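S.K.: Residues per chain are reported as follows:
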Amino acid sequence: MDFKKSRVYIKLHWMGILLTLFLLTIGIFTAIVIIAGINAMIHMESFYKQLQFSSIPLQFFFSIVTAIIFASIYTIFNYWFFFSGGMTKLGQKKVKSQEVNIKWNEVIGMDEIKREAWEVVQLLKDRTSLQRVGGQVIKGLLLFGPPGCGKTYLAKAIATEVKVPFLSVVGSEIEGIIVGLGAAKIRSLFKEARATAELQGGCIIFIDEIDSVARPRREDMGFGGQMSANAAVNQLLTELDGLRKRENNIVVIGATNVEERELDAALMRAGRFDRKIYIGLPGLKDREHIFKFYLQKIKYDPGIDLAVLARKSVYKSPADISNIVREASIIAVRNKKEKVGMPEISEAMDRIDLGLKKPIELSEKEKEQTAYHEAGHAIVAYLLHPTDDVFKASIIPRTVGFLGYVYHRSREELHIHNREYYLANIKVSLGSYVAEKLKFNTTTSGVDEDFHQAMWWSYNMAWRWGMGPSGLKGNFKALEKSFGSSGGWAPSTYLSEKTKEKLDDDVQKILQSCLEETENLLAKESALLDKFAQELIKKQELDYDEIEAIFKECGKARPASS
Amino acid sequence: MRKSPACLFLTLTPCLLAFFLCGCQPIKPTYTKEDITASVISLCKKEYQVEPKVWLRGETVWIYLSLPNLITKELQVEKTTAEKINKVIMGASRVILSMNPRPQFIAIVASDTQEYGIDYTIINWIPDIVKYQLQFISRDEFFHRTLIKTKQNFYALYDDEGEHIEKTDIALKDFLAEQIMQRTQLMFLLEPEYKGDFKVKKIQAGWKETTLSINADITQVKGSLPKQFNIRREIAKIAAYTFKAYDFKDFLAVEITNTDGEKESVFTRIDLKRLL
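These protein sequences, in sequence, are chains W and X.
If you want this note's numbering, it's the 1-based position in the first sequence plus 559.
If you want this note's numbering, it's the 1-based position in the second sequence plus 21.
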């Protein structure tokens, strides 16, 4: 073999040659070490030789013990990781059916929702009659609505009523730092549910905040996060389909605060989450029942008017109401009261909505200015607002940043508002400015937030809702930015300067007309304004009944609601 | 051909058994008692380049090392000579440990043969060395069990052959008596708890047939000790501990006298047992 051949051979097999040389070196080195070791052992003095030999059984014993310990740990860990769910088990909460003990009649308010849910309960209880007529059993139930409205509570009540085990997980706990962990956790959850159902005849899986694992699938931008989320949704879909294929009496109840359209469309398809129940904020009667339910759990003054409380707590969820009652009981204990009364509940509401009282001392002049400012709001709201009741007026500074406030709310939840409503809102906002001007012939910076609100309403009336006096109709806000691509040669807006000018004029016209009307009203009711302000200075806070009494004394009545 | 697990087991088991049985068979001692002197000399010469004189007297191996500059002008043992002594101890220990049967004592005498005529003697009970090697006793305890004596002896001057040393066969009881003396001195002079509080003028221990008689002159010079503190009782405790450590039962009592008390105290074996 000449030099050329050798070079080609090395070029072709350099890796093998290197590896062989490396292994050969290691082998020679090992052989040298072993021979040297044996030689040293042979020539070792008898005492040290004895020492070495006598320690061998002990070393062997310890090696075996160590090997057994490590092998056991390794086996247990592997079993746990690959067969027993592994990390997917971490953070998974399991609530047994016995622990869920919420009776159906304890679910108060939401009568319509209960009726709908009861149907589901009946279908779950009596599967055979449904199957007899060829119907398919419900496999998924989606509860959606704002937070604190009793979705989890209702799910637990269903589980109690159907008398099956209840596996509860929170969606946010399913997704983890490891890609694929979400899917693995879902797989593990359904595996456990199947085993439980097999043993106990059925099982309810409750996934709270299901939106965490049910957001629409999207393309991954290359970081792997979306891929993991997509995998979780896919796994959930597969598991839900699997439930339908097999007869296993498992029902999945999902709860979410987000709207239906924000969840993956495939999940919403019939055959997956078959039923959807909207659990919204409680209505007037429901709030009354909820207040009654929570107040019954504590000592309370029977003189409390639950109807007033219900009116005062528009847009409050059952969780909020529970919080108000709890806070009121704490206030009652602090004030050394035997029972929770209306003042405690009122303070609790203020504390929750407006924060704590701010320990600052206002001067007499400041107090008077604030009182007239708030009185202006209150009188306009009371006399002009078509939907709102005035529940409270206060000149006690709060930590949220108010020196005083007037709490007015609609008597009932309103989901759509008319022109009169918005105009009334503007007038109520401007009431403070007018009152200050009338009384002191000057105004303060306290009107900043009021003007902000008044302008917001009038701006929207003119620009978005076609309520301006110029007669321009349409949502001009939508035209303010160009459609489609904003770059290139596309104009930044489709609105002409003339239209903009007209709309801006409308904003001012609305404000001016409201201002004029408010001025006329407060000038006419100056005696009432003085009376209200003085009462406010005297008492610092005026509650619903006290406000009613002032107006009654002055011979004023609330206008009929529109 | 694929080997079945059973076949593998049948092949491996005898190999493993043979391997372990190697540890069970008696190992032939490297050295014999007959050639102990030659072995110690040759090992020390070959491996440590030191040439001591060695004698075997009954169950005691005497080793003599003539060191012209053992003691420095500051009356300290010179570093290089201390290393030489350690090497000889190491070599002698290796020879003695790797023989069967072993002698009982090893006594190494290093003498300053040029200037001061000082004998520096180290005596060890061989089982103590074995225990120390196997880490059954601590370094500190081994130090307490080693007898170290320094004595001026003008006969040592210019004696390179070790003729001036009295090469007797050391008996365990005498070794223990001297160890008790040494432990007592160490306790009253060096123990941090008592350091500086006592003056040890004299301590002697000797056997009167089956009674160990200890005659001490230890006085308290400063500090305050608990009322129940009794010097003779403390010496008795040391004796009790030493006898127990060596499982020595060949005595009836320990008699202790000290200048702090008029009468002597006698501690029987039962009394000593109670002190532990």
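Some hints could be false.
Cross-link-like lysine to aspartate or glutamate pairs, in silico, EDC-like; alpha carbons within 16 Å at most [what the hints assert, rightly or not]: (1) X:67 x W:604; (2) X:258 x X:230; (3) W:844 x W:670; (4) W:1061 x W:1078; (5) X:108 x X:72; (6) X:54 x W:604; (7) X:49 x W:604; (8) X:194 x X:271; (9) W:856 x W:886.
One-sided and incomplete, this derived list gives chain X residues near chain W with beta-carbon spacing under 8 Å [unchecked claim]: (10) 48; (11) 49; (12) 50; (13) 53; (14) 115; (15) 118; (16) 119.
With beta-carbon atoms standing in for the labels, derived distance ranges [what the hints assert, rightly or not]: (17) W:622 x X:251: 49 to 57 Å; (18) X:157 x W:639: 53 to 61 Å; (19) W:629 x X:292: 50 to 58 Å; (20) X:217 x W:598: 49 to 57 Å; (21) W:622 x X:95: 34 to 42 Å; (22) W:622 x X:39: 14 to 22 Å; (23) W:598 x X:182: 36 to 44 Å; (24) W:619 x X:245: 52 to 60 Å; (25) W:731 x X:32: 32 to 40 Å; (26) X:32 x W:619: 13 to 21 Å; (27) X:32 x W:613: 20 to 28 Å; (28) W:619 x X:181: 48 to 56 Å; (29) X:53 x W:619: 28 to 36 Å.
To be clear, the hints were calculated from the coordinates, so they are not data collected in a lab.
What you are looking at is a predicted structure, and each value in this text was computed from that prediction instead of being measured.
Ideal Cβ positions, reconstructed from N, Cα and C, are used throughout, including at glycine.
S.K.: Evaluate each hint against the coordinates.
M.R.: How the hints compare with the structure:
Proximity of residue 67 of chain X to residue 604 of chain W is assessed by CA-CA distance (about 15 Å); at most 16 Å being required, the pair is judged to hold. Distance check on the hinted pair: residue 258 of chain X and residue 230 of chain X sit about 21 Å apart at the alpha-carbon level, beyond 16 Å; violated. Between residue 844 of chain W and residue 670 of chain W the CA atoms are separated by roughly 10 Å; this keeps the pair inside 16 Å, and the hint holds. As the CA atoms of residue 1061 of chain W and residue 1078 of chain W are separated by approximately 25 Å, the hinted pair breaks the 16 Å bound.
Taken as a hint, the residue 108 of chain X and residue 72 of chain X pair is honoured in the structure, with Cα atoms around 11 Å apart against an allowance of 16 Å. Restraint check for residue 54 of chain X and residue 604 of chain W: satisfied, since their Cα atoms lie roughly 15 Å apart, inside the 16 Å limit. Between residue 49 of chain X and residue 604 of chain W the CA atoms are separated by roughly 10 Å; this keeps the pair inside 16 Å, and the hint holds. About 8 Å separates the Cα atoms of residue 194 of chain X and residue 271 of chain X, which keeps this hinted pair within 16 Å; it holds.
Between residue 856 of chain W and residue 886 of chain W the alpha-carbon distance is near 13 Å, which keeps this suggested pair within the 16 Å criterion. A hinted interface residue such as residue 48 of chain X counts as satisfied when its beta carbon comes closer than 8 Å to some beta carbon of chain W; here the least separation is about 5 Å, so the hint holds. Satisfaction of the interface hint for residue 49 of chain X is found here, the shortest Cβ-Cβ separation to chain W being roughly 7 Å, below the 8 Å cut-off. Below 8 Å, beta-carbon pairs count as interface contacts, and residue 50 of chain X has one with chain W at about 5 Å; its hint therefore holds.
The beta carbon of residue 53 of chain X comes no nearer than 11 Å to any beta carbon in chain W, farther than 8 Å, and the hint placing it at the interface is violated. Interface restraint check for residue 115 of chain X: the shortest CB-CB distance to chain W comes to about 6 Å, inside 8 Å, so the restraint holds. About 4 Å separates the beta-carbon of residue 118 of chain X from the nearest beta-carbon of chain W, less than 8 Å, and the hint is met. For residue 119 of chain X, the suggested interface contact is upheld, since its CB lies about 4 Å from the closest CB of chain W, less than 8 Å.
Against the hinted window of 49 to 57 Å, the Cβ-Cβ separation of residue 622 of chain W and residue 251 of chain X comes to about 53 Å, which satisfies the hint. Between residue 157 of chain X and residue 639 of chain W, the C-beta spacing of about 44 Å breaks the proposed range 53 to 61 Å. At about 54 Å, the CB distance of residue 629 of chain W to residue 292 of chain X agrees with the hint of 50 to 58 Å. A C-beta distance of roughly 56 Å is found between residue 217 of chain X and residue 598 of chain W, which places it inside the suggested range of 49 to 57 Å.
Distance hint check: the CB atoms of residue 622 of chain W and residue 95 of chain X are about 53 Å apart, inconsistent with the given range 34 to 42 Å. Taken as a hint, the range 14 to 22 Å holds for the pair residue 622 of chain W and residue 39 of chain X, whose Cβ atoms sit roughly 18 Å apart. At roughly 39 Å, the beta-carbon separation of residue 598 of chain W and residue 182 of chain X lies within the given 36 to 44 Å, and the hint holds. Checked against the hint of 52 to 60 Å, the C-beta distance between residue 619 of chain W and residue 245 of chain X comes to roughly 58 Å, which is consistent with it.
One distance hint, 32 to 40 Å for the beta-carbon pair residue 731 of chain W and residue 32 of chain X, is violated here, with the actual separation near 58 Å. Distance hint for residue 32 of chain X and residue 619 of chain W: a CB-CB separation of about 19 Å, consistent with the stated range 13 to 21 Å. For residue 32 of chain X and residue 613 of chain W, the hinted distance range of 20 to 28 Å is satisfied, since their beta carbons lie about 27 Å from each other. For residue 619 of chain W and residue 181 of chain X, the hinted distance range of 48 to 56 Å is satisfied, since their beta carbons lie about 52 Å from each other.
Restraint check, residue 53 of chain X to residue 619 of chain W: a C-beta distance of roughly 32 Å satisfies the suggested window 28 to 36 Å.
The structure fails to meet hints 2, 4, 13, 18, 21, 25 from the earlier list, while all remaining hints are met.
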